[in-house]
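**Q** Order-wise, the sequence lines are chains A and B.
For the record, in the first sequence the residue sitting at position 96 is 110 according to the numbering used here, with numbers rising by one throughout.
For the record, in the second sequence the residue sitting at position 54 is 720 according to the numbering used here, with numbers rising by one throughout.
Don't read these hints as lab results, they were simulated from the structure.
In this text the structure is predicted, and so the values were computed from the model without any measurement.
Some clues are possibly wrong.
As the list claims (entries may be wrong) - Within a straight-line C-alpha distance of at most 20 Å, the following computed SDA-like cross-link-like pairs (lysine to any residue) qualify: (1) B/K733 with A/M77; (2) B/K754 with A/D142; (3) A/K96 with B/A690; (4) A/K145 with B/I741; (5) A/K67 with A/M77; (6) A/K145 with A/K96; (7) B/K754 with A/K96.
Unchecked claim - Covered stretches of chain A (chain B as the covering partner; in silico rule of three or more C-beta atoms under 8 Å from a C-beta of chain B): (8) 15 to 28; (9) 49 to 60; (10) 63 to 75; (11) 165 to 178.
From the three backbone atoms N, C-alpha and C, an ideal C-beta is built for every residue, glycine too.
Here are the chains, one letter per residue:
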Amino acid sequence: MIILFSIHLLASICLCYWILELVPFVPETAGGAIIAFFFSITLLWLICYLFSKRYFKLVVQIMYLCKYFVKEFIRSNIRLTKEIITPKINLHPAVVKVPLQLRTDVGVMVLTNISNLTPGTLVVGISDDRKHLFVHTIYLEGGTLETFKKYMRDGLEKRLLNISSLSLSGVEIQTSGGGDSDSITKIKNSNKK
Amino acid sequence: MNNLTLILTAILVLLGSFTMLISAIGILRLPDFYSRLSAVTKNSTLGVLLIIMAAVLYFNNIEVMLKGLGIMFFIALTSPTSAYIIAKAAIHIKVPFWNKTDLTDFDNSDTEEEEEIKPRK
């Protein structure tokens, strides 16, 4: 899937360059380049529907993640600005131990990077067995620790799980979705045989 | 050069510098090391992104746009990572929390406190 994605990106860049060189009515400015790039990337994405439908769905999920990320990023900035400008500070900070469902390295990295930019949260550490994430939050959503865990699970992690279940192959889906270390060792042993 | 693009770049530069100013005030006003760190990462990242977008809009070139996209991508990638590393180092040397912080979940779990430094082979 990663190879397919890089081929898609390179081909769309080449198509964008070709459009800018040959089509006369496209202006050679930044706006023209951006419009040509988006046109070529959607065209190639629609062509991809003929070859593999899984890649088509994967791009849809990545677009959902980007939309969620931009929305949360702007919301966090507005909220912090309000908090700093108004004279009275009312924060409810807490350190929450959030259980992880993602198992892959890249998934955990993307989760920490995005949740450092969403409102109030700052990832402080990962436990040694990689099953929990220590998150320092400024605003405790809903007042208790359980509601904050539910907010993290339903907001960011669900979207990342959708992406990782589409981008991995069949055996690894069970490890990423399961969550027991016993099942992972069983699958590894069955692979060796 | 249009009047409209000039007004838009002025608005973007003002918004970016305003968010940077807010993050600088937030360092002084917030009570705790960790809350200060979170304020700095979010607001200063958005400020830098807005100023680079203003530069791209002002020059309106393909070369400037490619360089600006590179800078935006790497800043959005590295600033949360560095914030995570600083927070982990602060936990490691036991920087104190604010006195209103809810630490029940953190005290019960002793995996983070007992980090052993293993010798390399």
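**Q** A separate judgement is required for each hint: does it hold in the structure or not?
**A** A quick look at each hint next to the structure:
1. For the hint pairing B/K733 with A/M77, the CA-to-CA distance comes to about 24 Å; that exceeds 20 Å, so the pair is violated.
2. For the suggested pair B/K754 and A/D142, the alpha carbons sit about 13 Å apart, so the restraint of at most 20 Å is met.
3. For a cut-off of 20 Å, the pair hint linking A/K96 to B/A690 stands: about 14 Å separates their Cα positions.
4. Between A/K145 and B/I741, the direct Cα distance comes to roughly 29 Å. Violation of the 20 Å bound is thereby established for this hinted pair.
5. Under the criterion of a C-alpha separation no larger than 20 Å, the hint pairing A/K67 with A/M77 is consistent with the structure, at around 16 Å.
6. Pair hint A/K145 plus A/K96 does not hold up; C-alpha atoms about 35 Å apart against a cutoff of 20 Å.
7. Proposed proximity of B/K754 and A/K96 is contradicted: the alpha carbons are some 28 Å apart, above 20 Å.
8. For the stretch 15 to 28 of chain A, the stated coverage by chain B is not satisfied: 0 residues place a CB nearer than 8 Å to a CB of that chain, which falls below the threshold of 3.
9. Requiring three or more residues with a Cβ within less than 8 Å of a Cβ of chain B, the coverage given for the stretch 49 to 60 of chain A is violated, as only 0 such residues are present.
10. Counting residues of the stretch 63 to 75 of chain A whose CB falls under 8 Å from any CB of chain B gives 0; the rule of at least 3 is not met.
11. Figure legend: the stretch 165 to 178 of chain A, annotated as covered by chain B; annotation inconsistent (0 residues with Cβ-Cβ distances under 8 Å, at least 3 required).
Checked against the numbered hints above, the structure breaks hints 1, 4, 6, 7, 8, 9, 10 and 11 and satisfies the rest.
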